[in-house]
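J.: Chains A and B are the protein sequences, given in the same order.
The numbering used here runs 917 ahead of the 1-based position in the first sequence.
The numbering used here runs 917 ahead of the 1-based position in the second sequence.
Because the hints were derived from the structure by calculation, they are not lab data.
Treat the hints with care, since some could be wrong.
Stated by the list, open to error - The calculated label-pair distances, taken between Cβ atoms and stated as ranges, are: (1) Lys-1128(A) to Gly-1006(B): 29 to 39 Å; (2) Met-918(B) to Thr-1090(A): 54 to 64 Å; (3) Pro-1213(A) to Asp-1183(B): 24 to 34 Å; (4) Pro-1213(A) to Ala-1215(B): 50 to 60 Å; (5) Lys-1045(A) to Asn-1233(B): 12 to 22 Å; (6) Lys-1187(A) to Gly-1182(B): 42 to 52 Å; (7) Glu-978(B) to Gly-1092(A): 21 to 31 Å; (8) Val-962(B) to Gly-1086(A): 52 to 62 Å; (9) Thr-929(B) to Glu-1084(A): 36 to 46 Å; (10) Gly-1064(B) to Asp-1009(A): 18 to 28 Å; (11) Val-962(B) to Ile-939(A): 47 to 57 Å; (12) Ile-939(B) to Asn-1063(A): 20 to 30 Å; (13) Gly-1182(B) to Pro-1213(A): 50 to 60 Å.
To be verified - Restricting the straight-line Cα-Cα distance to at most 30 Å, the calculated cross-link-like pairs of lysine-lysine (DSBU-like) are: (14) Lys-941(B) to Lys-1204(A); (15) Lys-993(A) to Lys-1042(B); (16) Lys-1005(B) to Lys-1094(A); (17) Lys-1191(B) to Lys-1094(A); (18) Lys-993(B) to Lys-1128(B); (19) Lys-1045(A) to Lys-1042(B); (20) Lys-1195(A) to Lys-1005(B); (21) Lys-1191(B) to Lys-1045(A); (22) Lys-993(A) to Lys-1195(B); (23) Lys-1204(A) to Lys-1045(B); (24) Lys-1094(B) to Lys-1202(A); (25) Lys-1195(A) to Lys-993(B); (26) Lys-954(B) to Lys-919(B); (27) Lys-1094(B) to Lys-1195(A); (28) Lys-1045(B) to Lys-954(B); (29) Lys-1005(A) to Lys-993(B); (30) Lys-1204(B) to Lys-1094(A); (31) Lys-1094(A) to Lys-1190(B); (32) Lys-1094(B) to Lys-1187(A); (33) Lys-1195(B) to Lys-1045(A); (34) Lys-954(B) to Lys-1154(A).
The structure presented is a predicted model; accordingly, all values stated were derived computationally and were not measured.
Beta carbons: idealized from backbone N, C-alpha and C, even for Gly.
One letter stands for each residue in the lines below.
There are 2 protein chains.
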Amino acid sequence: MKVAVGIDIGGTNTVWGFVNHIGKVIIKGKIKTAEFKSPEEFVRVVSAQINEVIQNHSDFELCGIGIGAPNGNFFKGTVEHPPNLPWKGITDLKSMFLHFFDLPVLLTNDANAAAIGEMLFGSAKGMKNFIIITLGTGLGSGFVSNGELIYGHDAFAGELGHTIIEEDGRDCTCGRKGCLETYVSASGIVRTANLMLQEDKTRSILRELTKICSKGIAECAEKGDELALQIFDYTGKKLGFSLSNTVAVSSPEAIILFGGLANSGDLILKPAKKYMEKYLLNLYKDKVNILLSTVPEAHAAILGAAALVWKHVENNSFIEKESI
Amino acid sequence: MKVAVGIDIGGTNTVWGFVNHIGKVIIKGKIKTAEFKSPEEFVRVVSAQINEVIQNHSDFELCGIGIGAPNGNFFKGTVEHPPNLPWKGITDLKSMFLHFFDLPVLLTNDANAAAIGEMLFGSAKGMKNFIIITLGTGLGSGFVSNGELIYGHDAFAGELGHTIIEEDGRDCTCGRKGCLETYVSASGIVRTANLMLQEDKTRSILRELTKICSKGIAECAEKGDELALQIFDYTGKKLGFSLSNTVAVSSPEAIILFGGLANSGDLILKPAKKYMEKYLLNLYKDKVNILLSTVPEAHAAILGAAALVWKHVENNSFIEKESI
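Take these sequences, add in the hints, and give me the full structure.
T.: Have a look at this one:
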């Protein structure tokens, strides 16, 4: 059986899994990233774990290794100045893995991996032009055009979270002001909630929460709390406005929402769609879907990373077919 | 000699030319678009002119026909609801030309054709990731990613001129408010000038012009007129801000400015670059050039249209090479 390995490197944990071509995770494992001071040692241990699985499964035919990592550079196979990993500077992870595997090794950032995962196994199946928006602590994005990721000249395209939607707006961790992710992300919606709770003195069950978090706001909104609903409307407006401008650049068939805030479903989806349509140029109205991800969140990171391999195999088999 | 025909369809005139593979226009012709009530008759006459040239040049080996047209749809080969052409609705120009030529016929909009022209014959030669901004009465744009145009799912990607940069900003011809082209275009800079002339009562030689136009503003600025310089600074700021957000989406190697307003050279280039750098995310700073087009404007439209053919030939010869 043909299998791909997907590795998702996070600041605390790294998870890996063997994935078949229809996106089933067959075997998976986990290792604490933070415990490895040296990336070489990290790669050695992960590679040993993977090789052990292969030795125990003579029916596995490994096609390649896909890696999703923060600040991953697809062109170079490097991880560059990741804020949350123990290894600083530029780490050539691809070369390190190639030392243990004579197979294609592909590495990109988390949002790009998620985009390919969504294209092969999720809501974007069969689509060639779409955008994925990952709503975590920040806002990540991946753009697919004509079936391929838009990497740009340096592999760093797709930072929609750091487009400025309000001049002199909220302070962003990037050092600038008014970035989309300061409004639309788990931390952005909490900032909105805290501001609205200060400004608006009406009753709200939000005031009963010990700590305001995006999940708590969603729960209050689901109970019909007016202020919580306003918070989602405001967040959806900022997202919808930004998406309307983004559609004018890449004209996607759909925009897929993934991650924490996307789990609030219609609470974020409906206002985002409403305001996107409001601001859209006529040419694009009623043509662009906003969808929720259908890749199971528990396995999404592994599936996204493994999808890099299946996409690579698919592209190459296309060339092989062409050359017959 | 291998040649391509480039046809540029405008509201008043249509120009066509035979172009060789290094971008030399060998023979060209012109016809009044507005005189043809029926597109079929128009295509018949243009085709006859082209065929006459071929009959008189036995050394010409025609590789295909490229067409640049307002609201051109690359996927369908149609022109859809063009505001300035005599034919309303959707016109299947590609099929009409295929009736006269057993050759590849490729059709797209003016800005996309200009992008391919720039990639083969101009400032973007050798680049795989860049953006072209055409500054005419409005603002058009074409995005090239990994050597290919971003068309989106419906062929209508690349409407940067209609991204909203100011909510409730200036009225736009599209029916919305605050679109980039209401600030950055020949008509946009005239609006800025008229507003500034009203608000600012200081001396300016602009007041001596019988009619404010973008060329006149540039001439005054070149003479050192303070208000005219402020107008360019304001226009460059709006463009630079918009480009900083656009770079975060597609991370291009360069942005090429083309057309009327681009002829003012450093007057628009310098403030655009200054403000783009100011607003850019650190990741992209000092990496993105803003360049002026080097395709000669007199032939740009023909060259852009013909470039569609050469690009098509190049892509196909790649596949042929792969299959050897």
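J.: With reference to the structure, classify each hint as holding or not holding.
T.: Going through the hints against the structure:
1. The beta-carbon spacing between Lys-1128(A) and Gly-1006(B), approximately 59 Å, falls outside the hinted interval of 29 to 39 Å.
2. Evaluation of the 54 to 64 Å hint for Met-918(B) and Thr-1090(A) yields a pass: the beta carbon distance comes to about 58 Å.
3. Taking the beta carbon of each, Pro-1213(A) and Asp-1183(B) are about 55 Å apart, not inside 24 to 34 Å as hinted.
4. About 58 Å separates the C-beta atoms of Pro-1213(A) and Ala-1215(B), a value consistent with the hinted range of 50 to 60 Å.
5. Taking 12 to 22 Å as the suggested C-beta distance range, the pair Lys-1045(A) and Asn-1233(B) conforms, at roughly 20 Å.
6. Between Lys-1187(A) and Gly-1182(B), the C-beta spacing of about 48 Å keeps the proposed range 42 to 52 Å intact.
7. In this structure the supplied range 21 to 31 Å is violated for Glu-978(B) paired with Gly-1092(A), their Cβ-Cβ distance being about 57 Å.
8. Take Val-962(B) and Gly-1086(A): their Cβ atoms lie about 56 Å apart, and the range 52 to 62 Å holds.
9. Under the hint 36 to 46 Å, the C-beta atoms of Thr-929(B) and Glu-1084(A), about 40 Å apart, fit the expected range.
10. Take Gly-1064(B) and Asp-1009(A): their Cβ atoms lie about 26 Å apart, and the range 18 to 28 Å holds.
11. In this structure the hint that Val-962(B) and Ile-939(A) lie 47 to 57 Å apart at CB holds, the actual value being about 56 Å.
12. One distance hint, 20 to 30 Å for the beta-carbon pair Ile-939(B) and Asn-1063(A), holds here, with the actual separation near 28 Å.
13. Look at Gly-1182(B) against Pro-1213(A): about 55 Å separates their beta carbons, and that is inside 50 to 60 Å.
14. The hinted pair formed by Lys-941(B) and Lys-1204(A) fails the criterion: a straight-line CA distance of about 41 Å is larger than 30 Å.
15. Taking the CA atoms of Lys-993(A) and Lys-1042(B), the gap is near 23 Å; set against the 30 Å cutoff, the hint holds.
16. Among the hinted pairs, Lys-1005(B) with Lys-1094(A) is inconsistent with the structure: their alpha-carbon atoms are about 45 Å apart, more than 30 Å.
17. Taken as a hint, the Lys-1191(B) and Lys-1094(A) pair is honoured in the structure, with Cα atoms around 18 Å apart against an allowance of 30 Å.
18. A threshold of 30 Å between alpha carbons decides the hint, and for Lys-993(B) with Lys-1128(B) the separation of about 42 Å lies outside it, so the pair is violated.
19. Proposed proximity of Lys-1045(A) and Lys-1042(B) is supported: the alpha carbons are some 27 Å apart, at most 30 Å.
20. Pair hint Lys-1195(A) plus Lys-1005(B) holds up; C-alpha atoms about 27 Å apart against a cutoff of 30 Å.
21. At most 30 Å may separate the alpha-carbon atoms for a hinted pair to count; Lys-1191(B) and Lys-1045(A) exceed this at roughly 36 Å.
22. Our distance criterion of 30 Å between C-alpha atoms is met by Lys-993(A) and Lys-1195(B), whose separation comes to about 28 Å.
23. Between Lys-1204(A) and Lys-1045(B) the CA atoms are separated by roughly 29 Å; this keeps the pair inside 30 Å, and the hint holds.
24. With a C-alpha separation of about 16 Å, the suggested pair Lys-1094(B) and Lys-1202(A) falls inside the 30 Å cut-off, and the hint holds.
25. As the CA atoms of Lys-1195(A) and Lys-993(B) are separated by approximately 28 Å, the hinted pair is consistent with the 30 Å bound.
26. For a cut-off of 30 Å, the pair hint linking Lys-954(B) to Lys-919(B) is broken: about 33 Å separates their Cα positions.
27. For the given pair, Lys-1094(B) sits about 12 Å from Lys-1195(A) by alpha-carbon distance, which is consistent with the 30 Å threshold.
28. As the CA atoms of Lys-1045(B) and Lys-954(B) are separated by approximately 40 Å, the hinted pair breaks the 30 Å bound.
29. Among the hinted pairs, Lys-1005(A) with Lys-993(B) is inconsistent with the structure: their alpha-carbon atoms are about 50 Å apart, more than 30 Å.
30. Taken as a hint, the Lys-1204(B) and Lys-1094(A) pair is honoured in the structure, with Cα atoms around 21 Å apart against an allowance of 30 Å.
31. For the hint linking Lys-1094(A) to Lys-1190(B), the alpha-carbon distance of about 19 Å falls within 30 Å, and the restraint holds.
32. For the proposed pair Lys-1094(B) and Lys-1187(A), the alpha carbon gap of about 23 Å is at most 30 Å, so the pair holds.
33. Taking the CA atoms of Lys-1195(B) and Lys-1045(A), the gap is near 34 Å; set against the 30 Å cutoff, the hint is violated.
34. Taking the CA atoms of Lys-954(B) and Lys-1154(A), the gap is near 45 Å; set against the 30 Å cutoff, the hint is violated.
In this structure, the hints that do not hold are numbers 1, 3, 7, 14, 16, 18, 21, 26, 28, 29, 33, 34, in rising order.
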